[in-house]
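Here's the letter readout for the chains.
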Amino acid sequence: MNPLLKEIRHNPLLWLLVFVPAVFAAHKLKPESHTLLFALSVFAIVPLAALLSHATESVAAKTGDAVGGLLNATLGNLTELVIALTALRAGQYMLVKASIAGAIVTNTLFMLGASFLLGGLKHHVQEYNRVSARFQAGLLFLATIALLIPSAMSQADAVPAAAFTQKLSVGLSVLLIVGYGLGMLFSLKTHREEFGSAKHGEAGEEPWPMGLALATLAGVTVLVALVSEIFVESVQKAAEAFGMSQAFVGFIVVALVGGAAEMASAFSGARKNRLDLSVGIALGSASQIALFVAPVLVLVSYFIGPTPMDLQFWPGAVVMMLIATLTASLVTNSGRSAWFIGVLVLMVYLIFAMTLYLLPPKVQ
Amino acid sequence: MNPLLKEIRHNPLLWLLVFVPAVFAAHKLKPESHTLLFALSVFAIVPLAALLSHATESVAAKTGDAVGGLLNATLGNLTELVIALTALRAGQYMLVKASIAGAIVTNTLFMLGASFLLGGLKHHVQEYNRVSARFQAGLLFLATIALLIPSAMSQADAVPAAAFTQKLSVGLSVLLIVGYGLGMLFSLKTHREEFGSAKHGEAGEEPWPMGLALATLAGVTVLVALVSEIFVESVQKAAEAFGMSQAFVGFIVVALVGGAAEMASAFSGARKNRLDLSVGIALGSASQIALFVAPVLVLVSYFIGPTPMDLQFWPGAVVMMLIATLTASLVTNSGRSAWFIGVLVLMVYLIFAMTLYLLPPKVQ
Amino acid sequence: MNPLLKEIRHNPLLWLLVFVPAVFAAHKLKPESHTLLFALSVFAIVPLAALLSHATESVAAKTGDAVGGLLNATLGNLTELVIALTALRAGQYMLVKASIAGAIVTNTLFMLGASFLLGGLKHHVQEYNRVSARFQAGLLFLATIALLIPSAMSQADAVPAAAFTQKLSVGLSVLLIVGYGLGMLFSLKTHREEFGSAKHGEAGEEPWPMGLALATLAGVTVLVALVSEIFVESVQKAAEAFGMSQAFVGFIVVALVGGAAEMASAFSGARKNRLDLSVGIALGSASQIALFVAPVLVLVSYFIGPTPMDLQFWPGAVVMMLIATLTASLVTNSGRSAWFIGVLVLMVYLIFAMTLYLLPPKVQ
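Chains as they are written, first to last, in our numbering: chain A, 1 to 364; chain B, 1 to 364; chain C, 1 to 364.
Chain A with its partners taken away, still in its complex shape (with noise of 0.2 Å):
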């Protein structure tokens, strides 16, 4: 039987993928009930990127160690870049930075904390690789700092450049992408042996034939994007509708949306106490975007979007990412787990799901 169909058939999240042809349809028929369309691309993306998880991890798994490593560690996040570029494309530079902030915050605080729940729930004391753990923590620290600088400049000195900023933007992007590969180079070739267990993929996920993983991730990849152009188009409007603040729906929606798949993979890793699992794919994926999605989105906007991004975010979404990836340094330093530490990362993210839900809707 083709895998893909195999897969699709034992794992209930790819039967969403029904709403990928729903969120078509309905787009034709009733182009101005923005809230249907939000709802419909919201269920069609879910298994989308769950597909295009599995095929690049099965490029990966066929390409050697090496190569594999790169492979998905560049389109791991495949489905944020894709769904942000469409939002660059549309000039909606808010909610890029929005999701940028959200997907940092969304994967170090709720992937990680949910994990460390799930996982206590079942298991007393689960212990994991504290040196890949913090590996991955000591790049997020980096990446908020480059990140927090533009806004902590302007704000602190009243520098009303923006060339300043743009400048600054373009450099610290560049510096990012640079860590980013000699990051890699680290803990894929000189000091691989450090980082154990945490590397191996999901157990009882058997990797699809290579024609087949390179078809489903260009064809994913194309109906992801036309997804996200509804998505991001409808996305306001809704947003409107539920009375929700753009902040929230940048933050929390679109990041929760944009995760699903690696949510599953880390849930259930840390159910079967595999914690090295769960921890590297919540702070692996939150450094990833960190480090390589967001300053490959500021390059490209200089090619595609109306004018180009710069790095400065909101200041409240600074503070919120500087408090998670201070969170994550704090937490993954002992290497061990219970569920209250669990709790106390979910209650953190709680706190800022909270505050933007409240905030008025005109602040963002």
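Treat the hints with care, as some may be off.
Said to hold, decoys possible - Listed next, the in silico DSS-like pairs over lysine-lysine satisfying Cα-Cα at most 25 Å (straight line):
| # | chain 1 | residue 1 | chain 2 | residue 2 |
| --- | --- | --- | --- | --- |
| 1 | B | 189 | A | 122 |
| 2 | C | 189 | B | 122 |
| 3 | C | 122 | A | 189 |
No wet-lab data here; the hints were simulated from the structure.
Put chains B and C on the given structure of chain A with help from the hints.
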């Protein structure tokens, strides 16, 4: 002999009880001499707080571990709660907030630092249970984030909406109390074996009989409430007379007065090389104020205060709470102590106290 | 052979001494060519700093451990002190403050990061004494809090009172010097056994005879003072000519020049797999600047400057010092290092350097 009288005979701190009738008499005779009333009420609160804490421990000891832990955790800062409630009823929100922030800072920095210093002057190197210290520091970190978010949001984004801050404060209060409850479930029930030596009570003090303990609890609470009324009335005028800023009074004086009884226990534990006890009291007391007393005050303010109180603190107080929590985290991370660690922590406290003392009186 | 001449023959860094007469000659002949004078004085200060540091170590080696440690700790940053005093006398407080902040940031990030990187390129994984690193990081953390409080208070609360900042700065300076003294008592006297391998001097350099060492100390200090005068005079004009912001010059250029000698020692230690030495020099030097040089400058400013200097830094500088200290704490927490740790720390430095370089010249 009556255990209460025996206790009073042996504990010089309790000789200060003579100030209780003194303050009532003075209030009757000289209601206008605020400085005198302030001084008398300070000296009267200290022994009452000591009695309250002993009575609470006695009830806790009799009721078995789970209920006892709960009682201890809930009534441990009864003095601070009663003082704050009195100030709340009088509508003095500045004083309430300053005393919350001050209690957190004083417990994490002064009580912890002085314990390390006093213990370290007698013992070369002292060790204590890291797990327990980390747990308390984690709770404290969570609470600090909850307390800083309203200020950070209204600062950073110039949100003028008081309604937003008010709704957010209620939501955060509920979250904090839930977090506090889950934390007790964790430390007293599901993972109590991890909290080894930090949990047994103060040696040398034998529990009172139940009847005496309950009667003391009730009677002394009433006395604390009555003295607090005089204290809150006189503190402002006395501060002016002494040339102290309001912030200094709330932050430093009220916090030291309210915590005097716990400090006596923490310091004696440190001298006896039972640093677990000292760290447990200092950090436990701070996280109790942050996760229980502060949110209870917010919720109660809807019923007894002239207007509801929110959790938005003066920015300087937020900076100090944040630094205090961070210091406690960094310092207790290793589970070892020597005298200089105490000096470092006390120095941070001195920096804050000096700043507050020098602050121009108008600003708070 | 004279040990001084022998040293000069074997140490290529000292060949730069030829720039000392050159800068005096140039100042006489071409007092208006600031760029030339700036460049010459930079090259002249580097070898003088190396001589100063060797002379200090020689005196320290001869006077026994306690006095020697004290001397080393006090005179170790003599070059920075002399440059800052010259700038202070000229009333250039911006330059003084930028060079203090810059020295802290450069030592904790550039010197530490480059040591990790250079050591890590030669050795797979390096270990060092965590206790010693934590002690220095703790001192540094204390100092950073003291340095950030005046700025935080006057920012957050819009206190306009310069008198407040001034009084607070004097109080903080006294506190910092006391803390520094107690720290030496701790590390050199009461708990010296904990500071094992980090304390022995640079191997391969034999101490000079006492007379030569003292004469060098005196003579070279005078030379540094004279060259500093030319440096401080020319730096502003030269910065304009090079298109560098003042903040960049003070933060990066002055700090790199003043610390060149220590960097040479730290880097050579790292290459020889003696990372204890490197970490000790980098963090020790930073905490010495923060806890000794900075407060001494504040106190001395009452006698030699046109007006007293305070400790209120430009907010951007506070953010950078805070991040630098936090980075040093997080990174040295494990006591292990590999090349990528060095890259991470250097990246943070590069982010700061790039930001300062791009900063519009008017803002500082």
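Regarding the pair residue 189 of chain C and residue 122 of chain B, is the alpha-carbon distance no greater than 25 Å? Holds, at about 16 Å.
Checking one constraint from the list: CA of residue 189 of chain B to CA of residue 122 of chain A, max 25 Å. Satisfied? holds (16 Å)
With the threshold set at 25 Å, check whether the alpha-carbon distance from residue 122 of chain C to residue 189 of chain A stays at or below it. holds (16 Å)
In summary, this structure violates none of the numbered hints.
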